[in-house]
Every structure is written in C-alpha cells, then in structure tokens.
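Residue numbers (this note's numbering), protein chains in the order written: chain A, 1 to 342; chain B, 343 to 684; chain C, 685 to 1026; chain D, 1027 to 1368.
The set of hints was computed from the structure by calculation and includes no laboratory data. You may find that some hints are simply not true.
What the hints assert, rightly or not - Per the computed footprint, the stretches of chain D lying under chain C, defined by three or more beta-carbons under 8 Å from a beta-carbon of chain C, are:
{"#": "1", "region": "1073–1082"}
{"#": "2", "region": "1303–1310"}
{"#": "3", "region": "1356–1367"}
To be verified - Okay, derived cross-link-like pairs now, BS3-like style, lysine-lysine, Cα gap no bigger than 30 Å in a straight line:
{"#": "4", "chain 1": "D", "residue 1": "K1088", "chain 2": "C", "residue 2": "K870"}
{"#": "5", "chain 1": "D", "residue 1": "K1088", "chain 2": "D", "residue 2": "K1212"}
{"#": "6", "chain 1": "B", "residue 1": "K446", "chain 2": "B", "residue 2": "K528"}
{"#": "7", "chain 1": "C", "residue 1": "K795", "chain 2": "B", "residue 2": "K617"}
{"#": "8", "chain 1": "C", "residue 1": "K959", "chain 2": "B", "residue 2": "K528"}
{"#": "9", "chain 1": "C", "residue 1": "K795", "chain 2": "C", "residue 2": "K687"}
{"#": "10", "chain 1": "C", "residue 1": "K795", "chain 2": "C", "residue 2": "K746"}
{"#": "11", "chain 1": "A", "residue 1": "K104", "chain 2": "D", "residue 2": "K1301"}
{"#": "12", "chain 1": "C", "residue 1": "K959", "chain 2": "D", "residue 2": "K1137"}
Virtual Cβ for every residue (Gly too), placed ideally from N, Cα, C.
4 protein chains.
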Amino acid sequence: MIKVGIVGGTGYTGVELLRLLAQHPDAEVVAITSRGDAGTAVADMFPSLRGRVDLRFEDPAKADLRACDVVFFATPNGIAMQQAPGLLEAGVRVIDLAADFRIKDVAEWEKWYGMQHASPAWVERAVYGLPEINRESIRGARLIANPGCYPTAVQLGFMPLVQAGLVDVQHLIADAKSGVSGAGRKAETHSLFSEASDNFKAYGVPGHRHLPEIRQGLGRMAGNPVGLTFVPHLTPMIRGIHATLYARIGAEADFQALFEERYANEPFVDVLPPKSHPETRSVRSANVCRIAVHRPQGGDTLVVLSVIDNLVKGAAGQALQNMNIMFGLDETSGLCQVPLLP
Amino acid sequence: MIKVGIVGGTGYTGVELLRLLAQHPDAEVVAITSRGDAGTAVADMFPSLRGRVDLRFEDPAKADLRACDVVFFATPNGIAMQQAPGLLEAGVRVIDLAADFRIKDVAEWEKWYGMQHASPAWVERAVYGLPEINRESIRGARLIANPGCYPTAVQLGFMPLVQAGLVDVQHLIADAKSGVSGAGRKAETHSLFSEASDNFKAYGVPGHRHLPEIRQGLGRMAGNPVGLTFVPHLTPMIRGIHATLYARIGAEADFQALFEERYANEPFVDVLPPKSHPETRSVRSANVCRIAVHRPQGGDTLVVLSVIDNLVKGAAGQALQNMNIMFGLDETSGLCQVPLLP
Amino acid sequence: MIKVGIVGGTGYTGVELLRLLAQHPDAEVVAITSRGDAGTAVADMFPSLRGRVDLRFEDPAKADLRACDVVFFATPNGIAMQQAPGLLEAGVRVIDLAADFRIKDVAEWEKWYGMQHASPAWVERAVYGLPEINRESIRGARLIANPGCYPTAVQLGFMPLVQAGLVDVQHLIADAKSGVSGAGRKAETHSLFSEASDNFKAYGVPGHRHLPEIRQGLGRMAGNPVGLTFVPHLTPMIRGIHATLYARIGAEADFQALFEERYANEPFVDVLPPKSHPETRSVRSANVCRIAVHRPQGGDTLVVLSVIDNLVKGAAGQALQNMNIMFGLDETSGLCQVPLLP
Amino acid sequence: MIKVGIVGGTGYTGVELLRLLAQHPDAEVVAITSRGDAGTAVADMFPSLRGRVDLRFEDPAKADLRACDVVFFATPNGIAMQQAPGLLEAGVRVIDLAADFRIKDVAEWEKWYGMQHASPAWVERAVYGLPEINRESIRGARLIANPGCYPTAVQLGFMPLVQAGLVDVQHLIADAKSGVSGAGRKAETHSLFSEASDNFKAYGVPGHRHLPEIRQGLGRMAGNPVGLTFVPHLTPMIRGIHATLYARIGAEADFQALFEERYANEPFVDVLPPKSHPETRSVRSANVCRIAVHRPQGGDTLVVLSVIDNLVKGAAGQALQNMNIMFGLDETSGLCQVPLLP
C-alpha cells in the first residue's frame, strides 16, 4: 500500500484526489494538510466524502509528511517550490499539481508567475508529467511537474501533427473553453454563479500563464520553437475542457490514421471515428482525453477537437496516472471510472 | 458471474445501469434491447461508454433474454407488465424500474396510469424493492417493483417518524424538487434546455403518479391510510432529488436519535448531524440517501430534508442493490462510487 | 424629473436599480456612491450599462445626496440606519432596500441581525413598502422599508387567505426556493458557480432573517400572531423566487375567486387560471408576481404557488413602484418591461 | 401605427418579436399565425406575455395578412419562399427571419438546404438585412433577408478588417459559440436540458449552413471570394453568441482605431476599449453587438471577440431594426432595452 500525503487539500484538485484515492486499490491517504482548516474533518468540508474519508486536515507544520511514499501538492503556485525540496531530500517522491516546476526556463517562469523561483535546481530535475510523451522519464522520476489542464488538452490534440512535422508550427491556434472549476474554489466575484452562469466570455487573450507551458511542450515535440495563439474562454459548466485546434497543413497524410496510430497503445486517449464531435460530458469524472480530427471541405486547415475533464485528466487523475507509473503499478489502477452521463 | 439483460436501454436509467454494471465485479450485461435502435452500438449512442461496453442494441424479438439470470426493464410504463411474465415463468428474475408492479391496488394503478393492467397476478407476487423496509422479502423475490425516485426520497425521510407513530399521519406534506433527468431522455418541449434552465416551477400539483405509490408505502408503515400533500417541482440541474418533508409532532421524542438508530445498519442511508442541510451534489452519482432532521424554533412541526441521486438510489443503483440482495451478494457490491463533487 | 441618488450601487440591487432607472421616463440618477470603487465608471463595472449610464461611483463622504429628491440604499444591513436619518432630516425621501427599518420590534430586529439599532425612532416612522397592503401609507411616507424578496413572494401568496380568515394561521408553511443572485454579489465560496450549479439545498432551516419579517406581516393581516414554518432553498438559477405555500383550510370558500377579487385592481399581481403552475421565468426581469391556487384532490390543504423576480418585484422594481407612489406618478411608470422568455 | 403580422409565432424568434413589439411605440401586431396552434391564446403558450399580448394564433389559411404593412416570417426554412411572394405582390413588405432569401446563388442555397427554391426571382430582389453594411438598400427594400445569428456576429467582427483589406482573407477562422436557444424550440433530444447542460461540444464541423452565408457576406466586403474555416459550438446557456475570430495580418494599421472609426456612427455596435473581453451577458436581451480587438503578444495574428444576443441582434431585434429603417422610423425605436445583468 502506497502511503500518500496531500498538501493543501481544500481546493477542487484536493477533493478530486481524495475521491479518486478513496477508490484506489494500491494507495492510501495517510495525511492531508491545510493551514486554514487544520482540525476540520475532511468529510465536514466535503460531505460527498462522508463514510469514505476519515481524516482531518492537519497543520502543515505538524504533519509527518516524510513518512509518506509520495506527496501531492494541490496548493496555489509558489508553495511547492518552497516545501517540496525538503521532502525530496528525505526520499519522498513529489507530484506538484501547481505550476512551480513546469517551465524549464526559470526566467520565463518568473515573468509569467510574478515571483522569484525558490528552487531552480529542482526545476531542472523535474519531469513534466504528460505520460503520452514522457512515460519513460516518469518511471524514474522523483519530482513530477503535473501538467496544467489546458496544456494537457492542447498538447494531446496537436501532438501527432507536430511530431510528424505535417503542419505549419509557426501559426498554431488553440481556442480553448473551460468549465468554471478550472478557476478553483477560491471565493472571487467573477466565479460566482450569478456572474458565470448563462454567460460566455474569453479571458486572458493578451497572455495566459498556460501559454508558455504549451509553447514549451509543442516546441519540444517540433524540435524548434513554435508560434501559438492561445485564447481561453470560460463556459458555464462545472467540469470539462474543450480545445478546438487549428493548424495549416504542410504536408499531406491520412490524418485520421495518424492519430489512431499515435494513440493506439495509450490507455487514456481515445481517437473518435471521422466526423465525430467529442462532448465534454463524455469524459466527465474520468481520466480520458477524447479527440476527433476534421478537415472541413477538404481545405488546407485541420481542425482538431480535444476534450478532457479538467479535474481528472487535467489534474488529479493524471497525477495518479503519474503515481502509478512511478511506483510500477498498472497505469490504469484506480482510474477506471466510467464517465458520468447524463 | 450473474448474466444480466436490459430491456429498453436507450433512456437515462438504461445508460445508468450500464455505467454501474460496467464496474460491477459479479455481474455482466449479456444483452440489451431496443426496438428503435436495434443494431446500433451502445457506445455510439452513449460515447461515455466507449471502450467499456461493446454490446449492440438488439431487437427485442430476437434477443435471448431467457438465458439471463436477471432482466432489468428500463422501459416506459406498460411494457414490463406484458413482457415480464414470460421471462418469470421461464425462471428469470425480473427487476422493473418502471411503475407496472408498484401499486398493489390494480384499480388504483389503472386510474393513475390510464391503461388496463396486463398482469394483475404478478402485481400480487411482486416485492416492492425498497431494501430499507423490505430486505427480507427481496431476498426471496422473483419480481421486484423498483421504487420511483420521489417515493424513495420521501419514504426514507418519513419512515422513522411514521413507523414510530410520532407524527400526525393525516397531514403529511412532501415538497419535492427534481433535476430534469427525472423526465427522461424523451424529446419534449418542456424538457428543453431553453425551457428548463434558469427556471423553477411546480408541476402536477392536482395529482402526480408518485402520490399513490408514496401513500401506499407510508400507509403500510403506519398500519393505516395516511393523508399526504405532494408537490413536485422541476429544478435546473441534471441529477438529484431534494425532498423537504413537513410533519406535525404527535408525541415527543429525541428525533435525531430516532433517525440515527433507525438507519444505523443501513449501508446507503446517512443521517447527518443536527443543523445540517444535505446538498444533492453530496450524493451525485452514488447510491446514497442523506437525511437531516430539524425542529425549527422548537415548534410543533418537524422538517426532514432527504436527498438522493434520482438515477442511482432513485433508480438504477437501487435496482442493483436489489439484485445484490436477491443473489446473495454483498449488498454494496459495485455500488461504492464516491459522489462527484464538484 | 425626480433626482435620484443611490448609496452602495455595486451589488445586484444596485445594478438592477440602474437598469430600471435608465428606462424610467420621470426619474434620473444624479449620484451613486461606493466606498470601495469611488472613481470607477459605473459602465466599467457593469458593461451592460455602456452607453446608458455615464456616472462614476462617488465617495460617500463627498457625494451631494442632499440635492436628491429621493435616495435608495442598496447597501448591506446596518448602513441605512446610520446614514438615512441625516438625509431624512434634510427633507430627502429615503427608500431602504436592506432590512434596517423592516421590523417594528427593535429588540427582535437586534436579535436576528446581531447589532444594535442606530435609529429606533425612524423604525417607528418607516412605512413597510408592500404596496398591495400599504399603498395609502406609502403615499405620504418619507422613509420606506422596502420588503425582502422572500417576504414579498410569501406575503402576496398568503394575503387573501389570511385577510379573509379562512385558514389555520397557527400552522402556515412556506417552502421557498431562490435563485443565487439573492445571496448578492459578494465573493463567498458557497455562491461560486462550481458550488451552486447542478445542486439543490435548503439552508437556514433553524432560522432565517426573513422569518420575523414575514411573521410580522402575516400577523398584521391576521390581527394576531401567526405560526409559520419557513424553509428557504437555493436553486441553480440566477433570478427568481418560487414560494410554495401550504395552509390548512379553516372555512370553505371559492378560493380561486377570492384571489382574483383580492388582486383585481393590482397592476403587478397576476392570478393565474385554476390548475396553473407559474414559472419563475414568466416574470424574469419584470415587476410582477404571478400566483396560482390549488386544492389537491379536494382535500383540506391549500397549496399556493407564488413567483417573482427577486431583483425586481423582490427588490429594485418594488422600490421604484414605491417611489412612483410616493411622488404621485403613475404606479407603473418605468415598470412595464415584458418578461424575458426564454 | 405600423400594422404587423407574424407568420409562425410559436418558436423563440416568434416570442422574441412579440416581446419587443409589445414595447414598440410605432408598431402593433395585428395577426399572428400558427398551423398547429390556431385558436390558442398567445399568452397561454407564453405566460410571460400575459396582460401584454391579447392575440390568439390564427390559422394561416384564414389570417388576413394582406391588411398588414409588414409581415415577419418566423418560420422554418422553406416556408417564406412559398408564402411571401403573394404578400409581396399585394404590396405588403416582408422580413424573413429564416434563410430562404439569404443566399444569392440559388444552386448553392439548394445544396446546403436540401430543397428546390420556390422563388428564385425574389432571391434576386431581396436585400440582405445587415444594416451596418446595407442600410441604404434596406430603406427601399420590399423584401428583407434577415441575417442568421452566427453570420451577424462573425460579419460584424471581421467587417472593418476585410473592408480595409488588412488581413489574409484566404485563411479566416471563426470559432463561434452559441447558446442553446439557437437550436429553436423544437423538441429534439440533443437540445434537452439533461443533454446540453454541464456540457460543451462542437457540431457541424464538416459544414454548417451558415458557412455559405458568411462566406458570401465577407466575399462582398473583400470584393473577392474568401477562405473561411467556421466551427460552431454549443454552450450551456440560453441566449448569446460569442464569436472568436482569427485573421493573419496582411498590412499594419492601428486596428483599435480602425474598429472605432468604422462603427463610430452605428447605434448598435459597441467597440470596447483595448484589452477588453466582452461577455455575452453584457448584451442579453438587447439589440447590441459588442466587439474587442486583440493582437496577442504583438504577433501576426489578430483576435476579434464579438458578442450578440442571438435572439435579438441575431434575429428579432435586427428584424425590427430593419423594419424601422424600411418605414423611415428612428432606427432605434423600440430597441433601447438595457441588457439584463445578472
């Protein structure tokens, strides 16, 4: 039984980790911390966990996280870079669901995140936890930078095309739509029901923090820097990301076959038949990315549709997938939830 | 491995049965029928099931349902009463998720459902599948009348009070609110997104078909006919029922303790601490009923709040709970989903 | 042209006052204050008002509210009781949309609102602004206590029955459901989209602040104290209140005719035909209360359904209706919006 | 007073026309037809209109539409082309809210709409009712082809760029998101609340009927055929369209100034300040298009955000705007609703 610790479990990625771990056959949460809610029973904050999770939130200063085999950071950006190194040096493996270790270029990270990095050395050693491209490195990793939600949907959608060098990588467009849970559980006016429901808007068009992360990932696949226009939107649903991707064709190919072959052995990527339109609800609550490829009217522009549940394949589920790989478990262990529809 | 057949699997209770059975360790769906969609792959209609359900809908006339151990009817009212008897006589057990066998008074049934009953003899032999009151009869049953969604939430909320004889059963009030999936997957104007979202309304106030079912159940508990005002409402969410129940106190008691004791050994009924307000999302996707008891300002009126997921404890989950009991399995087998929150 | 001031215009009742006043032929907003947002253009905060409202929020300390004919307080509870007296003494009329002047029993008010009242003398002189019962007093009023949203829907639904003395007023039940905008625009976790959507719950069952207000109003109609069980619920829509009211019949009458006659001359109360179910969207954005009366199965319990838009007839619209009456305008002036459906 | 007839008033554009016309000072609905609902009072179908619209739906065969000054067709595609010519020849002006007269190339129309055109001669004489580009022709028109909802949002967003010849018109991309009311009031499974809420999907990627309409409009502006990739999506809200438009810059300019100047005199197009993100709710219920222009990171791709209420500026509101122009009224008459927020 893998002993799991969670730092910062009061947000949506925290409760989602708890939901998934409560059903994981090979792992067990032994400690969960929260500065503000220490002492509170987890199931009092999240009544969905009544009868399934008996833990209380512990004061981070008092929790014995070094007794864990692995610690998940479900904290705001800037926490893991301070607390993870101590754990790592004590031999604990760490999976950070925030952005602290995602960007290799520390100066770039500091520009987008507006703070000085506390642990550049560990940035270098961190493995970017997108199993579909980094599975081998993940196996031996001590520190995983778990990808962001938009970056997961966008990279999986572009990957076959970019790796095969078939599209113009200087002018990629990612028009992405996210459910409101992507903004977290923090009380902010723009995330209120009366603001976000029955409404649709873009945000962060001048520049969103996930842009450098996606650009870095696609750049590695391409072997060269890429040009990307990334426009995120907020859509009135709780969970789900839908990325609509546009790429100009550079060389002809059977694009449907390309996607099917690229993902033939991936347990959590599902390429739909031609002419399909994946819906976010078809992956709700499950660790799956569903993808469809279109070439409208046979023109020179490809349209790729890619959907995930932002809290599962876009966060907590992918983190567990990484844990499974790191600990030599079956990669799908504890991740076989059937999506909830309707 | 229990061999399961499903008749009429294209509605919401059908897809929910499939979701739950895909994760059930002791049962396997071997046939699913649909008159209108015979030949269609189940996963083409419900993409959430891609990779998990490989069946195709079969023509009811051709499906070999007699080879099943148990057949679920997830059909409109009036179908099971015609097709179940043949299966029952062939030794197949039947669980009807529709209303055909719920009301013992056949004339009453015919009045509310507007058709002649095709199988009154089996009405008499059917067991009403509310395990919290009928567990022993369910064990030996050949035919289960699976309770309606409203009746499940309302009966579980009133049961301790009525069985203990502590309230005025001539003037019970059940003010119930349902998500829209309760209306099924049939295309009807009033269930359209643009009609049902951002809106709230009562319906069926002059008389709803679940009224006689609830009255029958409460009457049995009381040992006498009861008086009930039942007002259902439609609320803009997909899943969930919230029943707010009002009863005049007839005799004093520790009502919190009464509920806790009554349900102490029930795996799927959770009595919340005093002053609690159960939320429908705290049971979303799970086979649980959560209940809270209030006595506002110490007055003479009790308020009971009872929530379920209408498609799980209110339909498919309870049907599987009944199957587990009938076949001597652990009652919770395949029913340990953690509710999806947020 | 009536010169209007608004104190505290950054919440939902504030923006709703601005929406309605922008279309009012006889009134004009000349000043709007906000402590936190002084200097901000109103239309920058509420882009729906671009091109229609050119004001900026002013510092309350600097705004010349004494030059107004009437000042609306769209502030949290506890502000108007401090600032209104000065204005009133300067001859300005005041309409308070908060609760400061609603409860005549100051001790009772202090108990429910948890603060000492700063202006008991003005409580005595304030007129409760429910035109359907207080129209004559409103005409001459200097200070209006604008009713709460729940109290408006509940009182209008019970009024004909209680005034006629036809029901048992010791055991009234009001089961009310509100859209999330009723909680205001303040950033709080429980009002987040991801918390409040696809969810339904009761709250405040042990005691809600609108209970004493409703009890006071019904008590005056009855001429005696009444007994009321009041259970508010949160439903996932932006606007709207649906009150489902239960009363035991004390004396026979033609209840449909009673309601139709009582409200025959009311411009903003619409009694629906028998067997109707009013929907909240049928009053969305409009200053209307629609009511239906039922007597299910001819029993001894009446069910009244009453719907309003909580921000219009439940707040800003009713405030303007009061203003119209106070200033001798046509009561419907500026209040003829057709409800927005769908 | 302009006498107005409406053919086919039971859908969402029908009820929206009625809502707006009920508040129009210079026009009056004298007849409304419906084949299926003849005899029904309009306010019985749409209770939001109780007290405001006293008409009944009439049998189309019996209604005296020739006595009208103008007739709106709010019918499915294929009806107006059969019934409008008779009215036109009798001197009645016609505004078709469906697609029958939008596409000048009749063969192209027949390909996309799958039927033979009944009135090609009137296609030639019809004026495409986008006032921002065709105002002068509309003044003298007898027959208006009212634009589709997506085409309105997309054309207004691209217009300044395409007219000025500043972008690569061979590779335009329009990623558009629509509320569910765009699918109409017809009962169809995919528009059910339980299917469309808490979900996001693209549809019609291989080809949507609004594609040729948009291509025709942009082609006229450019003076040459354009290349356009158009991807519509369904988002869980009732009203609203958000178009996110991508164009490669061909020649440098001050794009913000370009938009502001192009629309300086347009009463219903609002260009937001730099860095803005228009929200659909900022135009809810109003005849406004709000637009923002972005050039992310100073790159070579422009991003234009354009929002409308699909039922107002995208349908009924624009139809009334056309009527106002045709009859020499103030263009904004009856169209000054303040958007409903929240």
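Tested hints:
no.: 1; hint: 1073–1082; result: holds (count 6)
no.: 2; hint: 1303–1310; result: holds (count 6)
no.: 3; hint: 1356–1367; result: holds (count 6)
no.: 4; hint: D:K1088 - C:K870; result: 55 Å, violated
no.: 5; hint: D:K1088 - D:K1212; result: 24 Å, holds
no.: 6; hint: B:K446 - B:K528; result: 28 Å, holds
no.: 7; hint: C:K795 - B:K617; result: 19 Å, holds
no.: 8; hint: C:K959 - B:K528; result: 24 Å, holds
no.: 9; hint: C:K795 - C:K687; result: 36 Å, violated
no.: 10; hint: C:K795 - C:K746; result: 33 Å, violated
no.: 11; hint: A:K104 - D:K1301; result: 29 Å, holds
no.: 12; hint: C:K959 - D:K1137; result: 48 Å, violated
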